[in-house]
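2 protein chains.
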Amino acid sequence: MTAFASAVSIDGLMTELLALAKITEAEPPVVTRVVFGEADLRARAFVKGLCADAGLEVTEDAVGNTFARWPGSDPTLAPIATGSHIDAIPNAGLYDGCVGVLGGLEAMRTLKRLGLVPRRSIELVVFTAEEPTRFGIGCLGSRMMANVLTPEQARALRDKEGSGLEEWRARAGFKGDLASVAVAAGRFHRFVELHIEQGPYLESEGYDAGLVTHIAAPASQRIVIEGEGGHAGGKLMPGRKDALTAAAELILALEAAAKSSGAIDTVGTVGICNVFPGAVNSVPSRVELTTDVRDIDGARRDRVLDALAAAASAVSARRGVAIATELINADPPATCDTEILAALEESAIAAGKKYKRMVARAYHDSSFVSCIAPTAMLFIPCRGGVSHRPDEYASPEWIGGGVQILARTLAKLAQ
Amino acid sequence: MTAFASAVSIDGLMTELLALAKITEAEPPVVTRVVFGEADLRARAFVKGLCADAGLEVTEDAVGNTFARWPGSDPTLAPIATGSHIDAIPNAGLYDGCVGVLGGLEAMRTLKRLGLVPRRSIELVVFTAEEPTRFGIGCLGSRMMANVLTPEQARALRDKEGSGLEEWRARAGFKGDLASVAVAAGRFHRFVELHIEQGPYLESEGYDAGLVTHIAAPASQRIVIEGEGGHAGGKLMPGRKDALTAAAELILALEAAAKSSGAIDTVGTVGICNVFPGAVNSVPSRVELTTDVRDIDGARRDRVLDALAAAASAVSARRGVAIATELINADPPATCDTEILAALEESAIAAGKKYKRMVARAYHDSSFVSCIAPTAMLFIPCRGGVSHRPDEYASPEWIGGGVQILARTLAKLAQ
Chain A
0 MTAFASAVSI DGLMTELLAL AKITEAEPPV VTRVVFGEAD LRARAFVKGL
50 CADAGLEVTE DAVGNTFARW PGSDPTLAPI ATGSHIDAIP NAGLYDGCVG
100 VLGGLEAMRT LKRLGLVPRR SIELVVFTAE EPTRFGIGCL GSRMMANVLT
150 PEQARALRDK EGSGLEEWRA RAGFKGDLAS VAVAAGRFHR FVELHIEQGP
200 YLESEGYDAG LVTHIAAPAS QRIVIEGEGG HAGGKLMPGR KDALTAAAEL
250 ILALEAAAKS SGAIDTVGTV GICNVFPGAV NSVPSRVELT TDVRDIDGAR
300 RDRVLDALAA AASAVSARRG VAIATELINA DPPATCDTEI LAALEESAIA
350 AGKKYKRMVA RAYHDSSFVS CIAPTAMLFI PCRGGVSHRP DEYASPEWIG
400 GGVQILARTL AKLAQ
Chain B
0 MTAFASAVSI DGLMTELLAL AKITEAEPPV VTRVVFGEAD LRARAFVKGL
50 CADAGLEVTE DAVGNTFARW PGSDPTLAPI ATGSHIDAIP NAGLYDGCVG
100 VLGGLEAMRT LKRLGLVPRR SIELVVFTAE EPTRFGIGCL GSRMMANVLT
150 PEQARALRDK EGSGLEEWRA RAGFKGDLAS VAVAAGRFHR FVELHIEQGP
200 YLESEGYDAG LVTHIAAPAS QRIVIEGEGG HAGGKLMPGR KDALTAAAEL
250 ILALEAAAKS SGAIDTVGTV GICNVFPGAV NSVPSRVELT TDVRDIDGAR
300 RDRVLDALAA AASAVSARRG VAIATELINA DPPATCDTEI LAALEESAIA
350 AGKKYKRMVA RAYHDSSFVS CIAPTAMLFI PCRGGVSHRP DEYASPEWIG
400 GGVQILARTL AKLAQ
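Chain order of the listed sequences is A and B.
Count the first sequence with numbering that gives the first Met the number 0 and you get residues 0 to 414, in order.
Count the second sequence with numbering that gives the first Met the number 0 and you get residues 0 to 414, in order.
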């Protein structure tokens with residue numbers, strides 16, 4: 000038992016994390032690493048160097064997803080994989096993603112130090128562009144691996160200046176057909192991602208680890224309500240087709256549907272409400288809303304969307320306004336794999352760590368990997384729930400505990 | 000009877016209206032005459048010249064309100080007044096305001112041509128800045144005459160570049176203490192304003208004239224709702240303090256209160272709804288609304304505001320959000336003078352014109368003159384209800400009919 004704890008080189012890992020954090024477009028300790036930017040490319044080289052030092056076989060796909068393989072005793076078997084991302088939004092910290100990449104590598108090195116020889120190969124995966132900064136879409140690499148984002152859709156992506164993914168990846172040196180990024184079912188036997196919680200609960204409740212049972216995912220819509228404008232004085236109430244009062248009904252209908260789903264995990268939000276013409280003395284003629292509905296259960300999420308659609312029909316008929324709904328996206332919620340969760344639980348107990356099962360409410364690369372392989376996530380605490388900020392922090396103890404649990408889990412799964 | 004009809008020089012009046020329209024900051028036929036701008040000053044000179052030609056005594060007050068007096072046989076009596084404005088918003092037409100000024104002048108000239116000598120003096124008033132273009136506040140001159148806008152408030156007015164009313168009026172040559180603009184009660188015996196309807200009803204219903212019984216006026220508020228933001232995924236429904244769902248309740252509460260006031264003349268509008276931070280995946284932390292409530296009855300309008308305040312208290316308590324309400328303005332609704340209305344009615348009948356009584360739903364200089372003198376308005380049709388556009392149009396027949404009714408009314412009131 001204590002062999003695992005002492006085999007983890009937490010000092011070495013922290014040194015590597017701090018070194019990676021210094022590869023940034025910003026002034027350290029601020030981390031900014033936008034995908035395919037100069038800092039992202041240097042960070043990739045740094046990580047690939049560490050992988051090579053550890054004796055792993057490094058390959059890259061056409062969009063820059065990176066795979067570092069430790070061949071098992073039976074290399075014909077599908078590998079166990081772990082990993083996360085190293086890109087960072089502007090003005091970020093050093094733990095989001097990187098703990099899963101360098102921590103995953105340290106878990107593999109720990110097994111090597113202990114002299115273990117896994118039956119299945121173990122792979123570290125560094126996903127391209129988990130953050131949406133450059134192209135406006137999150138989890139680019141894992142979406143493409145799962146073919147949730149098709150090569151055609153990927154080729155259509157543009158940054159704010161109009162440069163495309165094709166241009167950026169060519170500049171970064173990633174070649175080959177984008178269609179080759181999607182992986183076949185069975186490519187990975189199982190996948191487990193170590194990540195900071197990005198929420199306050201583990202720390203505040205005194206847990207060392209969170210075993211993620213479900214990853215919630217959003218369905219987003221744009222709703223455009225077309226009514227009839229007019230002067231706020233001249234247009235009498237009976238003849239009005241006020242787009243904003245219609246919108247108010249939809250905002251409340253979404254709230255009611257989310258609240259009455261029967262599950263605490265259902266959330267519904269209208270985050271944007273743009274009113275035209277937007278003058279004190281004008282009856283609103285058009286309103287644009289966005290809706291964001293999340294759940295860990297896709298069917299239950301769809302029922303909320305159905306309730307909203309029914310409300311929209313009723314409001315449209317009653318108020319004489321036109322309501323058009325466009326689906327922006329509907330990403331898959333993930334239910335984590337029971338076998339991985341069992342292995343994580345045994346490992347946490349063996350490591351003497353206090354853990355709880357929990358839901359991940361923001362999405363991760365695991366959301367998309369779960370479409371192609373049994374997947375689970377392991378959360379460690381982060382101070383105050385702060386993330387995506389330079390003062391993001393996870394203690395060496397939390398990180399070391401996570402790496403130990405992950406190493407034990409990889410060993411079990413690769414048997 | 001026909002004496003009045005033939006004494007109105009509609010051709011002369013139309014020539015003057017077209018000549019005035021050519022004094023513009025824009026390319027004719029587009030009319031733009033922002034108060035104290037070069038075109039406004041030339042237009043003032045043009046109108047004052049016509050008044051002098053008609054033998055009227057012209058004076059101006061400290062803010063440029065202009066008075067052209069025809070002394071009656073008993074000059075100790077308070078005069079009957081008529082008038083409107085000649086300033087025009089950018090990209091306007093040639094009838095709004097100008098029909099009331101040059102039509103009022105023509106009504107006075109008609110009485111002179113008929114050899115009538117009024118007992119009371121008759122005055123034409125040209126109000127400064129009915130339009131809010133320069134200083135963001137409508138009816139500047141008439142508000143100041145009624146002391147609804149105090150000299151202190153007037154001195155604080157600024158244009159978009161930061162130049163003040165004091166600077167503008169000095170440049171335009173208007174001197175003297177702004178406190179001298181307010182007039183004493185009794186300064187006018189009665190006031191009647193001729194104006195295009197700026198709505199479609201007289202034309203579509205086949206009326207020659209509208210006798211305005213009430214002028215509605217708005218009370219406007221800014222409502223700021225402060226809730227608690229958060230990630231649309233991480234913030235569960237039970238703990239939310241969503242500022243936008245709270246706002247939706249207020250939007251619907253205002254609509255319900257306006258609809259259930261018991262009178263068709265009550266209208267309530269939320270025209271602006273700004274949401275912060277305004278992202279698809281963020282729970283709104285703050286919402287700013289504006290409300291515009293209008294009525295012809297001030298007490299009934301106040302009851303709608305009370306109902307909205309009660310709704311705000313309830314929503315604030317139930318949802319745990321802070322709601323702050325600030326009154327932007329509360330202008331006085333006007334009830335028109337029955338004696339003027341009777342004179343207008345007799346005059347319309349005598350002129351053989353088809354008329355109806357109606358409510359003015361946008362405010363006019365008359366709204367403020369009504370605070371200091373018995374007041375009424377006379378509407379004539381305008382094509383398609385179009386106003387504040389270059390294609391604004393009132394036919395010579397409509398205008399001539401209005402002038403004839405106004406002339407007869409002034410004669411009656413000045414007896």
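Note that these hints are calculated values from the structure, not bench results.
Treat the hints with care, since some could be wrong.
[To be verified] Partial list, computed: chain B residues near chain A (C-beta under 10 angstroms): (1) PHE66; (2) PRO70; (3) VAL182; (4) PRO217; (5) VAL223; (6) VAL286; (7) GLY351; (8) LYS353; (9) LYS355.
[To be verified] To be clear about the criterion: a stretch of chain B counts as covered by chain A if any three or more of its residues have a C-beta under 8 angstroms from a C-beta of chain A, and this derived list gives those stretches: (10) 23 to 31; (11) 243 to 249; (12) 265 to 271.
Glycine included, every Cβ here is placed at the ideal spot set by N, Cα and C.
Each hint, compared with the structure:
The interface hint given for B/PHE66 is broken, as the beta carbon of that residue sits about 29 angstroms from the closest beta carbon of chain A, more than 10 angstroms. About 38 angstroms separates the beta-carbon of B/PRO70 from the nearest beta-carbon of chain A, more than 10 angstroms, and the hint is not met. Restraint check, B/VAL182 versus chain A: the minimum CB separation of about 27 angstroms is more than 10 angstroms; hint violated. At a threshold of 10 angstroms, the smallest CB-CB gap from B/PRO217 to chain A is about 7 angstroms, leaving the interface hint in force.
Proximity of B/VAL223 to chain A is violated relative to the hint, the smallest CB-CB distance being about 15 angstroms (cut-off 10 angstroms). The criterion of a C-beta within 10 angstroms of any C-beta in chain A is met by B/VAL286, whose closest approach is roughly 8 angstroms, and the hint holds. Interface hint status for B/GLY351: violated, as the beta-carbon distance to the closest one in chain A is roughly 29 angstroms, over 10 angstroms. For B/LYS353, the interface hint is violated, the least distance from its beta-carbon to any beta-carbon of chain A being 22 angstroms, above 10 angstroms.
The beta carbon of B/LYS355 is not positioned within 10 angstroms of any beta carbon in chain A (closest approach about 16 angstroms), and the interface hint is therefore violated. Note: the stretch 23 to 31 of chain B has 0 residues with beta-carbon separation from chain A under 8 angstroms; the three-residue rule is not met and the coverage is violated. Check result for the stretch 243 to 249 of chain B against chain A: holds, 5 residues qualifying (beta carbon to beta carbon below 8 angstroms, three or more required). Counting residues of the stretch 265 to 271 of chain B whose beta carbon lies closer than 8 angstroms to any beta carbon of chain A gives 7, which meets the minimum of three for the stated coverage.
In summary, the numbered hints that this structure violates are 1, 2, 3, 5, 7, 8, 9 and 10.
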